[in-house]
Amino acid sequence: MEVRKGAWTVEEDLLLMNYIASHGEGQWNSLARCAGLRRTGKSCRLRWLNYLRPDVRRGNITPEEQLLILELHSRWGNRWSKIAKCLPGRTDNEIKNYWRTRVEKQAKQLRCDVDSQRFKDMVRYMWMPRLAERILAASGGSSAPLVCERPAEGSVEVGQTSETQYTSVSATGGSASSSQGCDVVTASESVPSPGASDGLGSLDWEESLWSMVEVWSQQGL
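Numbering (our numbering), first residue to last: 26 to 246.
By construction, these hints were calculated from the structure, which means they are not laboratory data. Check before you lean on any hint, since a few could be wrong.
Quick list of the computed label-pair ranges, beta carbon to beta carbon [as the list claims (entries may be wrong)]:
#: 1; residue 1: S141; residue 2: R63; range: 44 to 50 angstroms
#: 2; residue 1: D38; residue 2: R100; range: 34 to 40 angstroms
#: 3; residue 1: N103; residue 2: K30; range: 24 to 30 angstroms
#: 4; residue 1: S141; residue 2: K110; range: 44 to 50 angstroms
#: 5; residue 1: R29; residue 2: P113; range: 27 to 33 angstroms
#: 6; residue 1: V28; residue 2: L77; range: 17 to 23 angstroms
#: 7; residue 1: P79; residue 2: C59; range: 20 to 26 angstroms
#: 8; residue 1: G84; residue 2: E129; range: 20 to 26 angstroms
#: 9; residue 1: G165; residue 2: E50; range: 38 to 44 angstroms
The calculated lysine-lysine pairs, modelled on DSS-like cross-linking and capped at a C-alpha distance of 25 angstroms, are [unchecked claim]:
#: 10; residue 1: K121; residue 2: K110
#: 11; residue 1: K133; residue 2: K121
#: 12; residue 1: K67; residue 2: K121
#: 13; residue 1: K110; residue 2: K67
#: 14; residue 1: K133; residue 2: K110
#: 15; residue 1: K133; residue 2: K145
#: 16; residue 1: K67; residue 2: K30
#: 17; residue 1: K110; residue 2: K145
#: 18; residue 1: K121; residue 2: K107
#: 19; residue 1: K107; residue 2: K145
#: 20; residue 1: K107; residue 2: K130
#: 21; residue 1: K67; residue 2: K107
#: 22; residue 1: K145; residue 2: K130
#: 23; residue 1: K30; residue 2: K121
Note that the coordinates shown come from a computational prediction; the quantities given were computed from them, not determined experimentally. By construction, the Cβ of each residue, glycine as well, lies at the ideal position given by its N, Cα and C atoms.
Using the sequences plus the hints, can you model the full thing?
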């Protein structure tokens, strides 16, 4: 039987969805044959996981999701599947595409290697605090600036990732909060749910902020 390639048709999608609804997912090679699809098992698996699953989220990566991706990538690197498990409804492919089209693009524009310590510092000490500040302001919380506290000199061993604290600076001195595991580092205990501030993730705003990051980096980061 000749294997079909290229775009999936509506009929193929329905065959795949109906078969999985009746028999469940897994055993993708045999699933393709039993469902009457002239597709490879890998093609069926990717089509289901990335497009047809009921819990797949649609739309742009939200600012809250961006902050979580940046934080988790600083700990786990390019382990997209592991990161995706912390973002319900997002696929590893979506997260990888976000990283390559947004983060790596900005590193290139700043003439930085995305894996260089200089770029990592710009992300952690400039971009992430400003993104958290933007999210907090949109949630109706304090719009006081956030200060990302650098770890004390020598407090982090080579090869380890420091836990960053974001402190909301207010007239009364403010407070700091940090997170572990799959919880995003935030500037408050109440962060809007994904999608609550979609407008904040606009490319225009990101480009503007990255331009500021470039200026700051030239001033001595």
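Each hint, compared with the structure:
In this structure, S141 and R63 meet the distance hint of 44 to 50 angstroms, their C-beta atoms being roughly 46 angstroms apart. The beta-carbon spacing between D38 and R100, approximately 36 angstroms, falls within the hinted interval of 34 to 40 angstroms. The given range of 24 to 30 angstroms is respected by N103 and K30, whose C-beta atoms sit roughly 27 angstroms from each other. Restraint check, S141 to K110: a C-beta distance of roughly 27 angstroms breaks the suggested window 44 to 50 angstroms.
The hinted window of 27 to 33 angstroms between R29 and P113 holds, with their beta carbons roughly 32 angstroms apart. For the hinted restraint 17 to 23 angstroms between V28 and L77, the CB-CB distance of approximately 19 angstroms keeps it satisfied. Distance hint for P79 and C59: a CB-CB separation of about 21 angstroms, consistent with the stated range 20 to 26 angstroms. Between G84 and E129, the C-beta spacing of about 21 angstroms keeps the proposed range 20 to 26 angstroms intact.
Checked against the hint of 38 to 44 angstroms, the pair G165 and E50 passes, with Cβ atoms roughly 41 angstroms apart. Annotation: proposed proximity of K121 to K110 holds, straight-line Cα distance about 13 angstroms (limit 25 angstroms). For a cut-off of 25 angstroms, the pair hint linking K133 to K121 stands: about 16 angstroms separates their Cα positions. Under the criterion of a C-alpha separation no larger than 25 angstroms, the hint pairing K67 with K121 is consistent with the structure, at around 18 angstroms.
Our distance criterion of 25 angstroms between C-alpha atoms is met by K110 and K67, whose separation comes to about 20 angstroms. A distance of roughly 28 angstroms separates the Cα atoms of K133 and K110; the hinted pair therefore is violated under the 25 angstroms criterion. Taken as a hint, the K133 and K145 pair is honoured in the structure, with Cα atoms around 13 angstroms apart against an allowance of 25 angstroms. With a C-alpha separation of about 12 angstroms, the suggested pair K67 and K30 falls inside the 25 angstroms cut-off, and the hint holds.
Taken as a hint, the K110 and K145 pair is honoured in the structure, with Cα atoms around 23 angstroms apart against an allowance of 25 angstroms. Distance hint between K121 and K107 is fulfilled; the C-alpha atoms sit about 11 angstroms from each other, no more than 25 angstroms. Note on K107 and K145: the hinted pairing holds, with a Cα-Cα distance of about 20 angstroms set against a maximum of 25 angstroms. In summary, the hint linking K107 to K130 is supported, as the alpha carbons are separated by about 23 angstroms, within the 25 angstroms threshold.
Using a Cα cut-off of 25 angstroms, the hinted pair K67 and K107 holds, with the two alpha carbons roughly 19 angstroms apart. Of the supplied pair hints, the one linking K145 and K130 holds, its CA atoms being roughly 14 angstroms apart against a limit of 25 angstroms. At roughly 23 angstroms between alpha-carbon atoms, K30 and K121 fall within 25 angstroms of each other, so this suggested pair holds.
Violated hints for the displayed structure, listed by number in ascending order: 4 and 14.
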